[in-house]
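S.K.: Listed below are the residues making up each chain.
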Amino acid sequence: MVNQTIDLVIQLAIMFAIGAAMAVTFVTISHFLSPSSRNPNKSEPYECGVVPVGDARAPFNVHFYLVAVLFVLFDLEAVFLYPWAISLRELGTAGLAEMFVFIAILLVGYFYAWKKGVFEWE
Amino acid sequence: MLSKEDLIPSRADKPVFRLAPYIIFIPAFVVMAVLPFGPVGGAPNLFGYRFDYVIANFDAGLVLFLAMGAIAVYGIVLAGWSSNSNFSLLGGLRAGAQMISYELAMGFSVVGVMLMAGSLSLVDIVNGQAGNFWNWYFIPQVVGGLIFFVATLAELNRTPFDLAEAEQELVAGYLTEYSGMRWGLFMFAEYVNMVVVSAIVSTLYFGGWRAPLTVLDFIPGPIWLFLKICVFVFLYMWVRWTIFRYRYNQLMSVGWKILLPLSIVNLVVTAIIVSVTS
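Just so you know, the protein sequences line up as chains A and B, in that order.
Going left to right, the first sequence walks through residues 1 to 122 as the numbering used here numbers them.
Going left to right, the second sequence walks through residues 1 to 278 as the numbering used here numbers them.
Next comes chain A alone, as it looks inside the complex (with noise of 0.2 angstroms):
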């Protein structure tokens, strides 16, 4: 067991490195052969020609921070759910009926989140 998790993890680092490598080489290919002309105008941020002003880290909707807390819960949910689906087998009816329970808990704040409008863009 021990040994079949080393093995994991040696071939999970190996595409690991294929795919950094690819990367590091492509960067550093084009770092020799491009030419570098810089100028304070050209590194400012693109604003369609016009000098930008401010930051543009400014406050955003908050919105977004509820999707983000929504895809926790659910996402969370889904985790719990990946066990469950590969025993269901051997839990038979009972561990059916429990994660009905747990899914209908779950729809509840579901509901909820849409009656409040959280998923309304406009």
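Any given hint might turn out to be false.
What the hints assert, rightly or not - Interface residues of chain B toward chain A, partial, derived using beta-carbon atoms under 8 angstroms: (1) Phe29; (2) Ile100; (3) Val111; (4) Gly184; (5) Met187; (6) Thr214.
Said to hold, decoys possible - Covered stretches of chain A (chain B as the covering partner; in silico rule of three or more C-beta atoms under 8 angstroms from a C-beta of chain B): (7) 9 to 22; (8) 26 to 32; (9) 64 to 75; (10) 97 to 110.
Everything labelled a hint here was simulated from the structure, so no lab data went into it.
Using N, Cα and C, we set each Cβ at its ideal position, and we do this for glycine too.
Use these hints to put chain B onto chain A, whose structure you have.
M.R.: Relative to chain A, chain B alone:
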């Protein structure tokens, strides 16, 4: 592209700006490790040694795929934020909200496949679809399969869900400030992701490397997987040239009000059927 100037804006957060393309690019490669492209296990088949057609025979390959999809969101949000341009920030935020919304539908729709296969390993999922094409999970899981396909369109930021890089209004969104090979990495990652996701869709719902009819088994598995990937890449391109981009509120309501409830219903129905028949 290699010979174009690689410009980093003076106001950008430079380390994050440099890091973001790699965060998108690398996960696609890691997912490739768990994809089976031929038979795994069994008798020795190569000069007395056993050659497994998979890099990592991982028990939770499907979870790895979903996790790597989640990491790509970081790349896009960080790219948008670090550029310090209004267009990039808006594009990054939109892309972030869009991808996490559709990831839910994706996460729930694959539970149907897990229930039927009883496993998270992509190798076992393909083995569960052995036989002719009517054993493929697409037939019992047609709703889940369609939801998964639509969600992958949004995950890949392809039209009709390419709000993040809407050229006409956001001048390419999170890509606005990128140039030269760093921009190239984003584009490259998009197409690598497209191939990987096509492979995942064919593995989960269309029998992976298996032939549609057992009569055709003499043609090796990798060729079948390659053909299936080609079909799905064609489908992604076809959708891109056919369907218009959605408005942002339409996009969010499709994700949260249609796909998510549908995938939960699909999951509940599959669970009942699997539980009753076993």
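S.K.: Provide an ascending list of the numbers of those earlier hints which the structure does not satisfy.
M.R.: 5, 6
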